[in-house]
Structure formats: C-alpha cells, structure tokens
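Respectively, the protein sequence lines represent chains A and R.
Numbered according to this note's numbering, the first sequence spans residues -11 to 129.
Numbered according to this note's numbering, the second sequence spans residues -11 to 496.
Among the hints, erroneous ones may be present.
[Stated by the list, open to error] To give an idea of the interface, some chain R residues facing chain A are shown, with a C-beta separation under 8 Å as derived from the structure: (1) F39; (2) S153; (3) I158; (4) M162; (5) G171; (6) D173; (7) T178; (8) S212; (9) A214; (10) S383; (11) A387; (12) V395; (13) E441; (14) L448.
[To be verified] What follows is a set of in silico ranges between Cβ atoms, one per label pair, in the way DEER data are often shown: (15) R:V463 <-> A:V12: 33 to 43 Å; (16) A:G125 <-> R:D190: 20 to 30 Å; (17) A:E21 <-> R:D187: 21 to 31 Å; (18) R:F3 <-> A:L47: 53 to 63 Å; (19) A:N15 <-> R:V473: 34 to 44 Å; (20) A:V12 <-> R:L126: 37 to 47 Å; (21) R:A274 <-> A:I36: 54 to 64 Å; (22) R:A0 <-> A:P14: 52 to 62 Å; (23) R:Q457 <-> A:F65: 38 to 48 Å; (24) A:G125 <-> R:F183: 33 to 43 Å.
I should point out that these hints are in silico values taken from the structure, not numbers from a laboratory.
Ideal Cβ positions, reconstructed from N, Cα and C, are used throughout, including at glycine.
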Amino acid sequence: MLTSADRISGIFFLLFGLAMYLYVNPNYIEATEGGNISPNTVPNIVSIVMAVCGGLLALKPTNHRAHSSRSMAITGFYVALLTVGLYAMSWFGFEYVAPVLALAIMWAIGERRPLWLGLGVVVVPAVIWFLVTQILGRALP
Amino acid sequence: MVDLTTILAGFADAFTLFNLAFVLLGVALGQFVGAVPGIGPIMAMAIAIPFTFGLDPLPAIAFLVGVNKGGLVGGAVPAILMNTPGTPDAAATAMDGHPLAKQGKPLKATKMALFSSVTGDTFSDIVLITVSAPLAILALKMGPIEVVALMIFAFSILAGLIGNSLIKGIIAAMLGLLFASIGQDPENFTPRLIFGYWDLFDGLALPSVAIGMLAISEILHRMSEAHGNVQSTIVNKDTGNPDDRRVTWAEYWSCRFTMLRGATIGTILGALPGIGSTAAAFMSYAMTKASSKDPGSFGKGNIQGIAASESANSAVVGANLIPLLTLGIPGSVGAALIISAFMIHGMQPGPLLFENQGRLVYGLFGAMIMANFVNLWVGQIGLRIWVKVVSAPESIIFASALLLCIVGVAMATSGLFGVAIMLIFAVLGYLMSSFGYSLVIFIIAFFLGPRFEKSIAQSLALTNGDLTQVFKSPVAVALLVLSVVSVIWFLRKNAQAEQGLPLDEPSE
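Take the sequences, apply the hints, and build the full model.
This is how it looks when you write it as structure tokens:
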C-alpha cells in the first residue's frame, strides 16, 4: 500500500505545495505595496491548501489505481514524438513536418495498410492546408 | 433588462440562410465526428473552436452549437453498435441500444436515440430560453461579496460531485486556481509566476489549456491503449425487415412519458453545476425501469431504455447553459469549452451578458432551436452513413485529431508557444486523470480563478477589509451556509462510499 497511486500523488502535491510556498512564490511573484490583496495571497493560500490536502491524501488514500507503467511508458513515447514534431515544425513548418508526424503516429499505433497510411499522410495534411490557408485565409504554424 | 425588440432582433439575426448553413455544417460534422469511436462531442468541440476564430460571433457560435448537439446524437452510434460509448453519457444508452443492435435492429436503436435526444434537447432549450433572463436579473443584484460566496458554493458542489474523493477534488481546484494566477495580478498588474516568459504575461490561454487537458490527454490515453493493435472493422447485422429499420409513431408515442421524465431530470440536474449528464442518464434509466410493468425487458433491447437515457443526457446540455449564461459558472466540460468559444468571440458569460450582448444571446437561442430541427433532419438521412463511420481505424482518427488540435491552437494563440503549452497541459491532464483527479474541476477553477480573486479584492475594498460585513448580506450568508452543508454532505457520502454502503445516486 505504500506505493499506491494516491500515496504517490499525495506526497507529490505535499512537496509541490511546500516548494511553491517556500521557494517559487517568494522568488517569482513581484511584491507590491498597497492594494486590497497582495499578488502572492492567492498563490500562497492555494499552495498551502494543496500541501495540506496532499498530506491528507498520502495518509488516507483511496483505492484508486493508476494506469499501468507500460501504458505510461507508451504515452511517454507519444509525448516525445509530439515534442520532436513540434520542435521540427518550429524549424521547417507544418507543411513539411505534418505528413512525417502523421506517418510516425500511425505507424506507431500499428497501421500498415497503404490506403489508410496514404489517407493519413497525404490527404489529411492536404485538407488541413486547404482549409486553413485557402478557406480561412490564415497561416499554418 | 432585455426588451422585446432585442429578443426579436436576436432571433431574426439567427434565422438567416447564412447561419442555417453554419448550423447545418456543425450538426453534420458533429454527428459524423461523434460517431467516430474515440472522439465524441467534447473532443469535436475542442477541435472545432479555434477554427471559428475568423468567423463573426453568431455564425461561429451557431456552428459550435451544431457541433455540440450533433455530437450528442452521433455519440450514441458507437455506444449502440459497438457497446463502447465514446462518452460516459452514452453508457446508459448502450445498455438497451446494443442488445437491440445485436437483434439486427441497429437503425431502429439509433433512430430512437435520435428522436429521444432531440426531444430532450428541445425541452431543456425551452426551459433555458424561458428562465435564463429572469435569473440574470436576479444575478445582477448580487455584489462582489455575494459573487465570492457564490463561487465558494460552486466550488464546494463541484469538488464533491465530480471527483472520486473530496480531497482530490480540492487539489484539482487548487491546481486550477494556481495555474490561473500565472500572468499579471488582476489588482496590481504585476507579473506573477511567468519565469521570464513574457508570452505568459496575459496568462495561460484557455484554448491551450482546455484542448490540451480535454482533447490531447484523452487522445494520448487512447493511443497508448491502441498501440500496436489497430481496431478491426465492425460488421453490423440487419434483419432485412423494413419495420426494424424505423421507429413508428406508435413506438415514439409510447415513450412520451419516459422522454418527459428524462428531459425533466436532465434539465434539473443540468441546471446545477457539476452533476453532469451521466448521472442524469442513469437516474432516468433507473426510474424508468423501476416504474415499468416489465422491468425484466430492460437491458435486453427495450426502446424505453434508450428513450430514458438519451432524453436525459441531451436535456443536460441546454440546461448547462443556465448557470453559464446567468452566473458565468460552467457546469460541465462542454460548458467550459463553450466559455472558451465565447471568450474567443468577445463574449463574457455572466449576468451582464444579457444587458451588454442581449441580441447575441437571443441569436444563440435561435441557433439552438434551429440546431434541434437540423439535428433531426440530418440524423434521419445521415444515420445510415454514420453507422458505417464506426469502422474507421483509430490510427487515422488520432493522427488527424492531433494535427487539427495543433493547427487549431496555433491559430487561436498565434504561434507554436500556445501549442507547446497545450502539450504540457496534455501531459498534466493525462497524469491527473491517471491518478484520479477531475479535469473538469481543474478547468472550471482555472476559468473562475481570476474572477474569484478580483471579487475578493472588490469585497475587501467595499468592506474596508472587515470580513464580518459579509454577515450583513443574507444572500452571501445563505450561500456560505449552503457551501458548508454541501461539504459536510459530500464528506458523509465519501465516508459511505468507503464503507461500501450504497450511494444515493450514481456519480460521474
């Protein structure tokens, strides 16, 4: 039970709340004089409540189960893929990166049928390009 | 308040061929996307919102209303045909819809879902149009002290009803408030928690946060489930009997009391922030089964079961707009998304909306009425097509949805910085839902945060920092007492749940 999902998240929010209250809020919120409510009042209250609730949750967890570690690892892979895709998009643009990103995602999911791959890699980005640039008159990222 | 001229002008604005075209497009798109397993109406709305950026407010809102209403009808299709509801709302529909489809009557089941959905939706829209303006007048009489008390009350209800534990609900709300405090302080206008990124000075963009948490995190979750296992095509049986492909008037009329009960339950629960359509659908289903002369037929393909759940869950949608339009408090994920759409188009939900943009509000009501008729019409023609849509593989759906979200958020936030924020919140949303924290509470707290803080500052200014003045406002006192009562009630309910005692009603 020591490593139940609620204990882990409870300890995380306890530490996160304390870190916000003791380090982040004092250093990253500009103090001002006057006014009815100081800029750090709400963040401080929120941080304290979060830390207290996190502590309570760690002490008295529910029987909630988190996703399996395999599922989280797969999600981590897709997040990494999207991060690389977005970074590439900032350099080369949507037109060049979107088909590659779509192919990578579809391939990773397990799609091997040429027709569906063709639709996802060619038709979908082309439709988005047409919709955004030609119909809406906006720029693609 | 709103005079008759404004009301008529609003309806006249709505009932144009131009707006009808956008409603039609929205409904068709909503039904299509809703029928695609794994997307559903909420994700369809999230993806569609940024694409309305270039439109005038009324056609944009009309389009989104169409997507929302169409998505609800389309969402019943995978629930009935595959027994895998894309949204929790449709789970009750699947209980009788799927057995009916397995008997070779998929079109009868989906059409009954369509008719009951439109009936329930129309009922709640009429209630919304009738009561929202008088409620807004009452809300306008509330000052900052009452507004603070109202928000505390809303938070206390949301925390108990949506989360699976009160503590987790509070943590989700606090996290939402914390992220809402990023950017300039509402009173002193000094930067807070921006860590040197001046793009954050105006705060985190609602489309980035909402789409990241609600759409992308769900896609990530489903992609990890589908990884290496593309879902195969579904084969539907059909008896070939024309009567099994339609719903007769006699069948529809036999469900009139069921639909009326469902619509009433959905409207009442929908008007209360946080209860949600799943509770309404299951409550209506349970009451219909309990009052039936043949309860044993439920779960085996009884159309009364479909009528009960669909009329209730659709009625919630219109009623959800009552607290949103009158008080500015979103009561569900869909309502939170509608708020972000309103804000993109310069509308600030709350009691002043009727005073400042009354014509647009009644235009919205007109669009909602149009969308109900169009939903019925498109559904009659489209259901045969949407039934085939469920065979689309998840691989192309997820890839397309991700690209659309990236482009949509980039357009709404004018660059890739907003998309990066979206990805961060997608990861946060995935982790929060994985660990059992409510994303709805987070989003609602995130939206209400700045207003909450501003109201506190105004209350302190009005009372010269003397909070005992609160006790001079009977409305504020009543709301605070209600907050305490609801928190105690939820604590009791949580304790009952932990001890394994039966709960009073199904939770979200």
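We went through each hint and held it up to the structure:
1. F39: holds (7 Å)
2. S153: The hint holds - S153 of chain R has a Cβ within 8 Å of chain A, the shortest such distance being about 5 Å.
3. I158: Where the cut-off is 8 Å and the nearest Cβ of chain A is about 5 Å from I158 of chain R, the hint holds.
4. M162: holds (4 Å)
5. G171: violated (11 Å)
6. D173: D173 of chain R check passes; min Cβ-Cβ to chain A is 4 Å, inside 8 Å.
7. T178: holds (4 Å)
8. S212: holds (4 Å)
9. A214: Result: holds, 5 Å to nearest chain A Cβ.
10. S383: holds (4 Å)
11. A387: Status holds, d = 4 Å.
12. V395: holds (6 Å)
13. E441: At 5 Å from the nearest chain A Cβ, E441 of chain R passes the 8 Å test, so the hint holds.
14. L448: holds (4 Å)
15. R:V463 <-> A:V12: 33 to 43 Å: holds (37 Å)
16. A:G125 <-> R:D190: 20 to 30 Å: holds (25 Å)
17. A:E21 <-> R:D187: 21 to 31 Å: Check passed, 28 Å falls within 21 to 31 Å.
18. R:F3 <-> A:L47: 53 to 63 Å: About 59 Å separates the Cβ atoms of F3 of chain R and L47 of chain A, which means 53 to 63 Å holds.
19. A:N15 <-> R:V473: 34 to 44 Å: This hint holds: roughly 40 Å between Cβ atoms.
20. A:V12 <-> R:L126: 37 to 47 Å: holds (41 Å)
21. R:A274 <-> A:I36: 54 to 64 Å: For I36 of chain A against A274 of chain R, whose Cβ atoms are near 41 Å apart, the range 54 to 64 Å is violated.
22. R:A0 <-> A:P14: 52 to 62 Å: With a Cβ separation near 57 Å, A0 of chain R and P14 of chain A satisfy 52 to 62 Å, so the hint holds.
23. R:Q457 <-> A:F65: 38 to 48 Å: Because 56 Å falls outside the window, the suggested range is violated.
24. A:G125 <-> R:F183: 33 to 43 Å: holds (35 Å)
Comparing the model with each numbered hint stated earlier shows that hints 5, 21, 23 do not hold.
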